[in-house]
Amino acid sequence: GAGVSQTPSNKVTEKGKYVELRCDPISGHTALYWYRQSLGQGPEFLIYFQGTGAADDSGLPNDRFFAVRPEGSVSTLKIQRTERGDSAVYLCASSLAPRLGGDTQYFGPGTRLTVL
Amino acid sequence: QKEVEQNSGPLSVPEGAIASLNCTYSDRGSQSFFWYRQYSGKSPELIMFIYSNGDKEDGRFTAQLNKASQYVSLLIRDSQPSDSATYLCAVRRGSQGNLIFGKGTKLSVKP
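Protein chains in written order, with this note's numbering: chain D, 1 to 116; chain Y, 1001 to 1111.
Calculated directly from the structure, the hints in this document are not laboratory data.
Cβ atoms here follow ideal geometry from the backbone N, Cα and C, with glycine treated the same way.
Any given hint could turn out to be false.
What the hints assert, rightly or not - Pair ranges (Cβ atoms, derived):
#  : chain 1 : residue 1 : chain 2 : residue 2 : range
1  : D       : Val68     : Y       : Asp1027   : 24 to 32 Å
2  : D       : Leu39     : Y       : Gln1080   : 21 to 29 Å
3  : D       : Glu71     : Y       : Glu1057   : 39 to 47 Å
4  : D       : Ser38     : Y       : Glu1045   : 15 to 23 Å
5  : Y       : Pro1010   : D       : Glu71     : 37 to 45 Å
6  : Y       : Asp1058   : D       : Gln80     : 40 to 48 Å
7  : Y       : Gly1029   : D       : Asp63     : 23 to 31 Å
8  : D       : Arg81     : Y       : Gly1059   : 46 to 54 Å
9  : Y       : Lys1002   : D       : Ala97     : 48 to 56 Å
10 : D       : Gly40     : Y       : Asp1027   : 18 to 26 Å
11 : D       : Lys15     : Y       : Asn1053   : 44 to 52 Å
12 : Y       : Ala1017   : D       : Lys15     : 44 to 52 Å
13 : D       : Gly85     : Y       : Lys1042   : 22 to 30 Å
14 : D       : Phe66     : Y       : Pro1010   : 35 to 43 Å
All chains, please: the whole structure from these sequences, using the hints.
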């Protein structure tokens, strides 16, 4: 079956511009996560959705970052006034509803964002 | 102190040997523990999860958890060159969904 898909695969933008990154989770997965990964680092949590609502947005670094999931499926991560430090691979993952142990987060291929 | 710590490596082992990857975590409230493999330029893929003290085996992989020592390890038996990748340790607190990852250990298996 289809896995997690993310678009675009690569995005190059200029400092100060606005970008949107899209994630299409596995069908039936109610939980959706955004992470970002810088070179040589592990993925860093940004935000987690359970259904349409953000269950935990404590990882968003500042108010330039925002994410939505209006119909409980596709999610969009929005970054305003991009900065060079935002350059990273943005990973989306989805899973069935979390429970204690046992659930698997399936990662998409990521969007590589480069801010010039 | 980082929440999840791993030796970044590289760890080099000969083909057929046992590779031992280690991870420590700081939050005693962590309840679920995961090992992901990440090939260069690719996204992480789950190898194993463990949430009870002791060992859990799956094929050539064994995860070990010691909550008292806040220590998780992954053993890879009969290492193959195709096992060469970065191995990420991740922990999760209770019922929350997000994972906290270490920096990863780069493993190189030499033919």
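Okay, which hints does this one fail, numbers in order?
9
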